[in-house]
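Residue numbers (our numbering), protein chains in the order written: chain W, 143 to 300; chain U, 1148 to 1449.
Derived by calculation from the structure, the hints in this document are not laboratory data.
Don't be surprised by glycine CBs; every beta carbon is placed ideally from N, CA and C.
Heads up, some of the hints might be wrong.
The following label-pair restraints were derived from C-beta to C-beta distances [unchecked claim]:
hint	chain 1	residue 1	chain 2	residue 2	range
1	W	288	U	1414	33 to 39 Å
2	W	272	U	1187	25 to 31 Å
3	U	1224	W	254	51 to 57 Å
4	U	1193	W	154	18 to 24 Å
5	U	1187	W	149	39 to 45 Å
6	W	261	U	1206	30 to 36 Å
7	U	1187	W	151	34 to 40 Å
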Amino acid sequence: MSRDTLNRVPMLLSVVAGLILSILPLPNWLNLARPDFLVIVVLYWSIMVPRAGGLTLAFLAGLLLDASKGVVLGQHALALCLCTYIAIKLHLRVRIFPVWHQALTVFWLLVIYQFMLFWIDGMTGHQITNYLRWLPAFTGAALWPVFAGLLGNAYQRT
Amino acid sequence: MVAFRNAESRPILGRGPSPGLRFFFFGLLAIGLMWLDQRQGYLEAARRGLSMATYPIQVAVNSPAAFWDWLHDVFATRERLQKENAQLQLRLRDSDFRLMRFADLEQENLRLRGLRDATSRVAQRFIVAEILRVDLNPLRRRVIINKGSRDGAFKGQPILDATGVVGQITRAGTFSSEAILIADAEHAIPVQVNRNGLRTIALGTGDLHLLSLPFLPTNADIKVGDLVVSSGLGGVFPGGYPVATVVKVDRAATQTNAEIVAETAAKLDRDREVLLIWTDEPPIDVEPSEPAAPAAKNGSKP
Chain W
143 MSRDTLNRVP
153 MLLSVVAGLI
163 LSILPLPNWL
173 NLARPDFLVI
183 VVLYWSIMVP
193 RAGGLTLAFL
203 AGLLLDASKG
213 VVLGQHALAL
223 CLCTYIAIKL
233 HLRVRIFPVW
243 HQALTVFWLL
253 VIYQFMLFWI
263 DGMTGHQITN
273 YLRWLPAFTG
283 AALWPVFAGL
293 LGNAYQRT
Chain U
1148 MVAFRNAESR
1158 PILGRGPSPG
1168 LRFFFFGLLA
1178 IGLMWLDQRQ
1188 GYLEAARRGL
1198 SMATYPIQVA
1208 VNSPAAFWDW
1218 LHDVFATRER
1228 LQKENAQLQL
1238 RLRDSDFRLM
1248 RFADLEQENL
1258 RLRGLRDATS
1268 RVAQRFIVAE
1278 ILRVDLNPLR
1288 RRVIINKGSR
1298 DGAFKGQPIL
1308 DATGVVGQIT
1318 RAGTFSSEAI
1328 LIADAEHAIP
1338 VQVNRNGLRT
1348 IALGTGDLHL
1358 LSLPFLPTNA
1368 DIKVGDLVVS
1378 SGLGGVFPGG
1388 YPVATVVKVD
1398 RAATQTNAEI
1408 VAETAAKLDR
1418 DREVLLIWTD
1428 EPPIDVEPSE
1438 PAAPAAKNGS
1448 KP
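Same shape as in the complex, but just chain W (with noise of 0.2 Å):
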């Protein structure tokens, strides 16, 4: 299968729904230990296909969370490219890892998207210094095994 022909449409559906799962009402409890849905769709393409969407997915998919969620234009898309900047570098060794380990390096790379989404929250004057906050990227470490056998059902199509 060449570039030209690579099937888009799983890697397109799975964004769309990781983006609905992120604005998804929830109980509260549910709400604050929500998983960065897209951020791991986004993270997982990007280390089994990182030539389908790559970066420009990650940016792309940036805009969108901005947008949804209201807040500075700019600040997920800068936060999402960081994190599949380095899954990227990484897919390679990341790719032939046992699931556990891939799950503890998704949740470096979690932490280092919440570092980026608190920093710049704090530049721009709306800072939230509750713990909790870094309580998604956890989840989301603990729930890519899941991830990665959906999306990977997924894969086998592209």
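Given the coordinates of chain W, assemble chain U onto it according to the supplied hints.
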């Protein structure tokens, strides 16, 4: 291994710019966007476009809840409707009773204000907007409502519900707007105690039920049960609307200021429908040189 199934796994035969170059480009672009959006406010059009792109998704996410509400209404039982009807009639009677003297009082108020040459801002017109059930950030108290600039909504527009002040619009899109609730930790609203006119500022706490009034000295005349209403200073909110009821006053002898906690009058956690308010007179200008912008700056920080 599926990973090596296609041409994607040959990173050496790169096409297009390298990830490093792309990252450099996108990073600069993102920082540029942030700068333009935060410091210059040039990106209103882009924001509008993006919020129009995400609005269908937000509506889709909201639709199961809306469908459930609809179902609930359709299959309403006879007893429930009768009970609701009885309750509403009771409330209507109460309201009518209070309204009897309203016209007279309004006239009297106008006359007295005319004597003092003072103007007051009275809410003239409102539309009902629906809060979309969409989660933005669990640590912030922001909501999306389904009315935008197409319906006349504007930035800094006050939002009320039937029982009190709810918040204000922070960004008006075409079809939808973002609003900040008074309970958001970044929100402040100028208020006064209804009993004696004592003025202060109520800050959000992040808890949907509670506001804090941190700027009153320990000897201030305020007690549990006092109604706190909007003072109308600052020019964002019209004066005289209920904001909160004081539930706790802690006068520690070692502190300069009393620790006062008030419960919001509006049902911020249960509201589905809110009112967007237009007031007849222009906001009070604190800086006369800048007629349009100062509302948000002085009144409350969105």
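Evaluated hints:
One distance hint, 33 to 39 Å for the beta-carbon pair residue 288 of chain W and residue 1414 of chain U, holds here, with the actual separation near 37 Å. A hinted range of 25 to 31 Å holds for the C-beta pair residue 272 of chain W and residue 1187 of chain U, which are about 30 Å apart. Between residue 1224 of chain U and residue 254 of chain W the beta carbon distance is about 54 Å. The supplied range of 51 to 57 Å therefore holds. Hint check: residue 1193 of chain U to residue 154 of chain W, Cβ distance near 22 Å, so the stated range 18 to 24 Å holds.
Range check, residue 1187 of chain U to residue 149 of chain W: about 41 Å between beta-carbon atoms, so the 39 to 45 Å window is met. Restraint check, residue 261 of chain W to residue 1206 of chain U: a C-beta distance of roughly 32 Å satisfies the suggested window 30 to 36 Å. Distance hint check for residue 1187 of chain U and residue 151 of chain W: the Cβ-Cβ separation is about 38 Å, which falls inside the suggested range of 34 to 40 Å.
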